[in-house]
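Each chain, written out:
Number of protein chains: 2
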Amino acid sequence: MTAATTRLQGVFSPVLTPFNADYTPDADRFIRHCRWLLDQEVGLAIFGTNSEANSMSVAEKRKLLDALLEAGVDPARLMPGTGCCAISDSIELTRRAVQAGVGGCLMLPPFYYKGVSEEGLYRAFASVIDAVADERLRVYLYHIPPVSNTPITRGLVARLLKSYPGIVAGMKDSGGDWHYTKSFIEEFGPQGFGVYAGSESFLLADLRAGGPGCITATANVNPTAIVQLYKTWKQADADEQQKKLDTTRAAFAQFPLIAAMKAAIAWKTGRQDWLHVRPPLVELDAAQQKTLQASLDQVGFTMPNAGALA
Amino acid sequence: MTAATTRLQGVFSPVLTPFNADYTPDADRFIRHCRWLLDQEVGLAIFGTNSEANSMSVAEKRKLLDALLEAGVDPARLMPGTGCCAISDSIELTRRAVQAGVGGCLMLPPFYYKGVSEEGLYRAFASVIDAVADERLRVYLYHIPPVSNTPITRGLVARLLKSYPGIVAGMKDSGGDWHYTKSFIEEFGPQGFGVYAGSESFLLADLRAGGPGCITATANVNPTAIVQLYKTWKQADADEQQKKLDTTRAAFAQFPLIAAMKAAIAWKTGRQDWLHVRPPLVELDAAQQKTLQASLDQVGFTMPNAGALA
Chain A
1 MTAATTRLQG VFSPVLTPFN ADYTPDADRF IRHCRWLLDQ EVGLAIFGTN SEANSMSVAE
61 KRKLLDALLE AGVDPARLMP GTGCCAISDS IELTRRAVQA GVGGCLMLPP FYYKGVSEEG
121 LYRAFASVID AVADERLRVY LYHIPPVSNT PITRGLVARL LKSYPGIVAG MKDSGGDWHY
181 TKSFIEEFGP QGFGVYAGSE SFLLADLRAG GPGCITATAN VNPTAIVQLY KTWKQADADE
241 QQKKLDTTRA AFAQFPLIAA MKAAIAWKTG RQDWLHVRPP LVELDAAQQK TLQASLDQVG
301 FTMPNAGALA
Chain B
1001 MTAATTRLQG VFSPVLTPFN ADYTPDADRF IRHCRWLLDQ EVGLAIFGTN SEANSMSVAE
1061 KRKLLDALLE AGVDPARLMP GTGCCAISDS IELTRRAVQA GVGGCLMLPP FYYKGVSEEG
1121 LYRAFASVID AVADERLRVY LYHIPPVSNT PITRGLVARL LKSYPGIVAG MKDSGGDWHY
1181 TKSFIEEFGP QGFGVYAGSE SFLLADLRAG GPGCITATAN VNPTAIVQLY KTWKQADADE
1241 QQKKLDTTRA AFAQFPLIAA MKAAIAWKTG RQDWLHVRPP LVELDAAQQK TLQASLDQVG
1301 FTMPNAGALA
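If you read the protein sequences in the order shown, they are chains A and B.
Just so you know, the first sequence maps onto residues 1 to 310 in our numbering.
Just so you know, the second sequence maps onto residues 1001 to 1310 in our numbering.
Source of the hints: derived by calculation from the structure; they are not laboratory data.
Hints may be right or wrong, so weigh each one.
As the list claims (entries may be wrong) - For each label pair, taking beta carbons as the anchor points, the in silico distance ranges come out as:
1. B:Thr1291 - A:Leu38: 48 to 58 Å
2. B:Tyr1164 - A:Ala286: 21 to 31 Å
3. A:Lys162 - B:Ala1076: 43 to 53 Å
4. B:Ala1059 - A:Ala236: 36 to 46 Å
5. A:Ala67 - B:Thr1291: 36 to 46 Å
6. B:Gly1270 - A:Gly210: 49 to 59 Å
7. A:Ala76 - B:Leu1038: 22 to 32 Å
8. A:Glu70 - B:Gly1270: 45 to 55 Å
9. B:Arg1136 - A:Glu186: 52 to 62 Å
10. B:Thr1291 - A:Asp239: 26 to 36 Å
11. B:Ala1059 - A:Asn305: 36 to 46 Å
12. A:Pro151 - B:Asn1020: 22 to 32 Å
13. A:Ala310 - B:Pro1145: 37 to 47 Å
14. A:Gln254 - B:Thr1291: 30 to 40 Å
Yeah, the Cβ is synthetic: ideal placement off N, Cα and C, and Gly gets one too.
Work out the full structure, taking the sequences as your base and the hints as a guide.
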């Protein structure tokens, strides 16, 4: 098996983490949500930004990963977020994920210090890869400057690809600047480096430019239509499909996205505990929920087989 | 013992964390550095920004704290940083610190998500305080927007003080805007809320305005002169002393501060392992070390009894 054949592609979702009223993660609802996403052919980028992953300890994340594996979820469909501020945390979580057989690891750079050098970021990623020391590791670098304030630059990718060919497998670009995404596809795509769009807003553009797909929050709630575009992007109605995806996304994005997606699931499943988010995030209040529901009705939003999540 | 009598004051240092070449923390050097600081009458704000605290796991920090306690360091002189992105991590570290009898805990707000609401930050701090549930807890809120991007606002302090009088004891202002610091001293000082300057640059101003002192990185290397100003700020030469502190600080601040302070200690002790920083930070190279040494010689910089650190 060569590195190229193990590359992931398609639509992935940073899986929402369900919490109980006391803020503890609810593993049962998490498993059900993951299974529902897999049924919609969405891959599981658990422990992403929209999973509130950095609001959980490494131990809490390990426990959720173990619960998924024990439930029989195929680890090859997992792309857990394993990049933390502390390389010791990143090493622990990445090592566990690789041993479990995950398809890839999505790695944030350390994000506390600002204005760090390319050399420093190179060392951070290299330290984790060297410590894990496992040929099965596939690293996807996570570029999300609006949140991390720590961009993944072309110089950094070039250095890492040179040192760790096969291991450094791609990136997620959540910067919101398509020209930036495109430049990475053009420069590193020929080496098998997969540049995922950071939202479905750029899914069609990513596929047309030769990218592998997208890793997008709203796949948590709107998976069918997003996967449909992924499967049929060469058809004549692709631009029309993209427009429709954008409209649905905009209905969610009028509110903080994580709270809005959880509110939509609570609404469609009738389970109010889906509203919970961990501090520092705050759930939508009753008036916001009503506004969201009206907007979603207006764009014809539905959740297929939502009963499986209840 | 009333809350007021347990309030900390004076000069504190976010204690530099010595690392080995393999990036593991060096507990022996850490203990020696802490003892040296105590000998200079500097309090120990271990696990601060300049301690590279967020580059360490909770387990690594607990181990260093345990090592200090086992070495007989007075816990009352400790103000560990215990605020993490995950409230579960903050609870674990804060609980351990309080049980150890520390003088206070310096708490960063969760710093991954940006643009979070005052309500969300209130819940984050309240969740930790409620979970620790110990009357001995003294919380110092950590305002460092250039790094955390998550300011501590007057509205937040007012709410926390109302809910947790006695427990919420003060803040550190590392925003670099004296007018901001002063506004907190004026509004909350009368309730016993101690507003520390985030560097010695504002030490004299803080003391003159009725503040408790400063928590400053450069106390790691220039403790004597900083403590001298704290003790003699009512004397005629106070402004002169402040100017001299600023000059020394500027010599360090021409380089990234953490790497520069470690380079100075390596130089003065002859221990090259003091140079190590954890990724994503990078140590000063040989040329930078030379420039720094020349600048420090020029301002007459000395480290008293540096042999104790070797």
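Now the hints, each set against the structure:
1. For threonine 1291 of chain B and leucine 38 of chain A, the Cβ-Cβ distance of about 57 Å falls inside the hinted range of 48 to 58 Å, so the restraint holds.
2. At roughly 28 Å, the beta-carbon separation of tyrosine 1164 of chain B and alanine 286 of chain A lies within the given 21 to 31 Å, and the hint holds.
3. Between lysine 162 of chain A and alanine 1076 of chain B the Cβ separation comes to about 52 Å, which falls inside the hinted range of 43 to 53 Å.
4. The beta-carbon spacing between alanine 1059 of chain B and alanine 236 of chain A, approximately 56 Å, falls outside the hinted interval of 36 to 46 Å.
5. At roughly 54 Å, the beta-carbon separation of alanine 67 of chain A and threonine 1291 of chain B lies outside the given 36 to 46 Å, and the hint is violated.
6. With their beta carbons about 56 Å apart, glycine 1270 of chain B and glycine 210 of chain A fall inside the hinted range of 49 to 59 Å.
7. Under the hint 22 to 32 Å, the C-beta atoms of alanine 76 of chain A and leucine 1038 of chain B, about 54 Å apart, miss the expected range.
8. Between glutamate 70 of chain A and glycine 1270 of chain B the Cβ separation comes to about 54 Å, which falls inside the hinted range of 45 to 55 Å.
9. A beta carbon spacing of about 59 Å between arginine 1136 of chain B and glutamate 186 of chain A agrees with the range 52 to 62 Å that was offered as a hint.
10. Checking the proposed 26 to 36 Å range against threonine 1291 of chain B and aspartate 239 of chain A shows it is violated: the Cβ atoms sit about 57 Å from each other.
11. Taking 36 to 46 Å as the suggested C-beta distance range, the pair alanine 1059 of chain B and asparagine 305 of chain A conforms, at roughly 41 Å.
12. Taking the beta carbon of each, proline 151 of chain A and asparagine 1020 of chain B are about 30 Å apart, inside 22 to 32 Å as hinted.
13. Alanine 310 of chain A and proline 1145 of chain B have their C-beta atoms about 42 Å apart, which keeps the hinted 37 to 47 Å range intact.
14. The beta-carbon spacing between glutamine 254 of chain A and threonine 1291 of chain B, approximately 52 Å, falls outside the hinted interval of 30 to 40 Å.
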